[in-house]
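Mapping the sequence shown onto numbering that gives the first Met the number 0, position 456 (from 1) lands on 455, and the numbers just tick up by one.
None of these hints come from the bench; they were simulated from the model.
Incorrect hints may have been included.
Dumping the calculated DMTMM-like pairs for lysine to aspartate or glutamate here, alpha-carbon to alpha-carbon at most 20 Å [stated by the list, open to error]:
no.	residue 1	residue 2
1	165	74
2	590	497
3	531	477
4	113	313
5	210	199
6	332	445
7	165	147
8	84	62
9	617	436
10	84	26
11	151	313
12	165	197
13	78	124
14	595	606
15	113	124
16	85	132
17	617	470
18	617	445
19	494	484
20	617	514
21	564	603
22	494	445
23	564	504
24	165	199
25	210	234
26	359	337
27	78	60
28	165	124
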Amino acid sequence: MRKTVIILSLLLSLFTLISAKDQGKQEYILVLNSVNFDEAWTNGAYQAIYEHFMGSQYAIETEELMVPTIANTEEAGIKRNSLLKKFPQRPKVVVFMGDPGWVVCRPLFDNEWKDVPVLICYSRELMPPSIEDLLSRNISPEMLVPADRIMKGYNVTALYQTFYIKETLELMQRIQPEIKNIAFISDNRYISLCAQQEVEQTIADYYPSLKLHLLTTTRISTEQLLDTISRYNKDTGILYYSWFSKQLQDQRNYLNDNIQRIVYGFSHYPVFTIADQLVEDGNFAGGHYISLSDYSRETIHTLEKILEGTPAHDIQPHTGGTPRTYLNYRHLKMHNTDSHLYPGDAVYYQRPPSFYDRNKLAIISIIALICAVVAILVMRLRFYWRMKQEIREREKAEEANRLKSAFLANMSHEIRTPLNAIVGFSTLLANEDALEERQEFARIIENNNQLLLQLINDILDLSKIEAGTLEFTYSDVDLNSLLTEIEQSCQLRNKYPEVQISFEERLPQCIIHTERNRLTQVITNLLNNAMKFTTQGSIRFGYRQEGHMLRFYVQDTGCGIPADKVGSVFGRFVKLNNFQQGTGLGLSICKTIVEKLGGEIKVESEEGVGTLFWFTIKINTFVAL
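The whole structure should be built from the sequences, with the hints applied where relevant.
Written as structure tokens, this is what we have:
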């Protein structure tokens, strides 16, 4: 029995060791960056790979090759040996960020890593044929050979990085029509030299009138670069690629692009790019290129095909997505460009939403709510009229029908008019960039909101009056303070500055116990009517004490009321001017309120001279000094 236990223990220990050994040999994807992960597009692609395969059967390993710091073939050999030492287990797939890394590490795939599948991201369709040519730092177009020739015989495929120089220059000329010069910013890396050559060739082929200024790390310092671009005026377009310079980090040379986050602050005009530099952050204006997100998705897709068993050399090298124009709206506006020149088919970042976009849901909800409320109220009013028809005397039925029809027609017109204005000017506001126009549209929308609100309030009050549920809540009211507030409000809303609105006659102090809101409603309605029909002269209002009554008045110098209509102004649905907005309910509601407050309301008017409205209310408790 003891012997059996010992044997089982040994077997268990052996199994544990084997398992631990197997776990230490987890398959992995090796990401080799030709430079480092300080560049947005390489770091973004790596992050996409890491996040996609995190938690999968494959681990993710990385190494920065720092190819531009390699001086000769001996140092290249040392770099390869360090990789073999650090990664003794053959990787499942090797992903190169940039083809310089592939050129340096290609001998590994002749021996130790033979047949390991390779994916070269951000590759060029032309490559230097040897390490010596790559490290020469003086690559001419004649030295380059087709990439498929360099990759022949290896289990490798590539996602090309194509520069759309012509399209980007066309974009720059559209946004900056005055440009006569192009300032191209880059360093002395192999890929940067390739980009520089493409810029030179494109300008020579398509834009010979443009003068090219080359701003490179081999010609000027970082300080000189920033000083130079700060002096450019609107006739110079700035095109950025990279500005990697050597820095000492951890006792070794390190390349760092130390201006890409600050260059926009030194330029008075937009800074464009030929590759995705995280334009959404606002450091650059943008350009025409394949976005990092699109390129990363294609990288993941290609990797998955390789991991599923498709030989890398059977996957045709291709571009990493579809190019589009990407622009940062805030960057462009900050650098004083005309938004009318921006292309309509571009993808915009940091573009402020329009008023309509910000409030689209609220506007639609409000309109829907108003329509629903109005529909309900109209239905109630229609029911009201049907009920009235049944109980009225036969001789009044025809008049009731006429009033109902007039009311519904008026309601349809009065509701539709402000709603059409709100919807129409909201749409115009959404597509208008000019500040003055936007302010005018917003003012029109606000005015029509007020009209619609007044319409609904009138209908609600009428409904309550008919139902006998019009609320009256009494409290102590300082009349002088209340009428002063009303005066100030009317002065702010006055459309005719030449018309003087004044609260004149008053008691030194008067505090009464009354219904504040209803009293305000009556006075405001009378003043609003006066403001509608008075285009010159004055509007005066006030009050005086007459026994246990207070007499209020509103007098204007407006057009006046025809003598034949003075007697009907307090009737329902009566409008003295059909061209003025309103329901014809306001004065009728005022009459009801005044009567409930224990008073009466009257009008005196002379056509062409002016109108005087006055009313009284009964006061049981008041203080007058």
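Here is what the structure says about each hint:
At roughly 38 Å between alpha-carbon atoms, residue 165 and residue 74 are farther apart than 20 Å, so this suggested pair is violated. Under the criterion of a C-alpha separation no larger than 20 Å, the hint pairing residue 590 with residue 497 is inconsistent with the structure, at around 30 Å. At roughly 28 Å between alpha-carbon atoms, residue 531 and residue 477 are farther apart than 20 Å, so this suggested pair is violated. For the hint linking residue 113 to residue 313, the alpha-carbon distance of about 16 Å falls within 20 Å, and the restraint holds.
At roughly 10 Å between alpha-carbon atoms, residue 210 and residue 199 fall within 20 Å of each other, so this suggested pair holds. Simply put, residue 332 and residue 445 have alpha-carbon atoms about 28 Å apart, too far for the 20 Å limit, and the pair is violated. For the suggested pair residue 165 and residue 147, the alpha carbons sit about 25 Å apart, so the restraint of at most 20 Å is broken. Of the supplied pair hints, the one linking residue 84 and residue 62 holds, its CA atoms being roughly 13 Å apart against a limit of 20 Å.
About 50 Å separates the Cα atoms of residue 617 and residue 436, which puts this hinted pair outside 20 Å; it is violated. Taking the CA atoms of residue 84 and residue 26, the gap is about 17 Å. The hint holds against a cut of 20 Å. Our distance criterion of 20 Å between C-alpha atoms is met by residue 151 and residue 313, whose separation comes to about 11 Å. Between residue 165 and residue 197 the CA atoms are separated by roughly 10 Å; this keeps the pair inside 20 Å, and the hint holds.
The straight-line distance between the Cα atoms of residue 78 and residue 124 is roughly 25 Å, outside the 20 Å bound, and the hint therefore fails. Taken as a hint, the residue 595 and residue 606 pair is broken in the structure, with Cα atoms around 30 Å apart against an allowance of 20 Å. Distance hint between residue 113 and residue 124 is unfulfilled; the C-alpha atoms sit about 23 Å from each other, more than 20 Å. In summary, the hint linking residue 85 to residue 132 is not supported, as the alpha carbons are separated by about 27 Å, beyond the 20 Å threshold.
With a C-alpha separation of about 18 Å, the suggested pair residue 617 and residue 470 falls inside the 20 Å cut-off, and the hint holds. Pair hint residue 617 plus residue 445 does not hold up; C-alpha atoms about 37 Å apart against a cutoff of 20 Å. With a CA separation close to 18 Å, the supplied pair residue 494 and residue 484 stays within the 20 Å bound. For the proposed pair residue 617 and residue 514, the alpha carbon gap of about 11 Å is at most 20 Å, so the pair holds.
Annotation: proposed proximity of residue 564 to residue 603 holds, straight-line Cα distance about 11 Å (limit 20 Å). Proximity of residue 494 to residue 445 is assessed by CA-CA distance (about 15 Å); at most 20 Å being required, the pair is judged to hold. For a cut-off of 20 Å, the pair hint linking residue 564 to residue 504 is broken: about 29 Å separates their Cα positions. For the suggested pair residue 165 and residue 199, the alpha carbons sit about 11 Å apart, so the restraint of at most 20 Å is met.
This hinted pair checks out: residue 210 and residue 234 have alpha carbons roughly 11 Å apart, not beyond 20 Å. The suggested pairing of residue 359 with residue 337 is violated, with an alpha-carbon distance near 26 Å, which exceeds 20 Å. Restraint check for residue 78 and residue 60: satisfied, since their Cα atoms lie roughly 16 Å apart, inside the 20 Å limit. In summary, the hint linking residue 165 to residue 124 is supported, as the alpha carbons are separated by about 18 Å, within the 20 Å threshold.
The structure does not agree with the numbered hints 1, 2, 3, 6, 7, 9, 13, 14, 15, 16, 18, 23, 26 stated previously, though it agrees with the rest.
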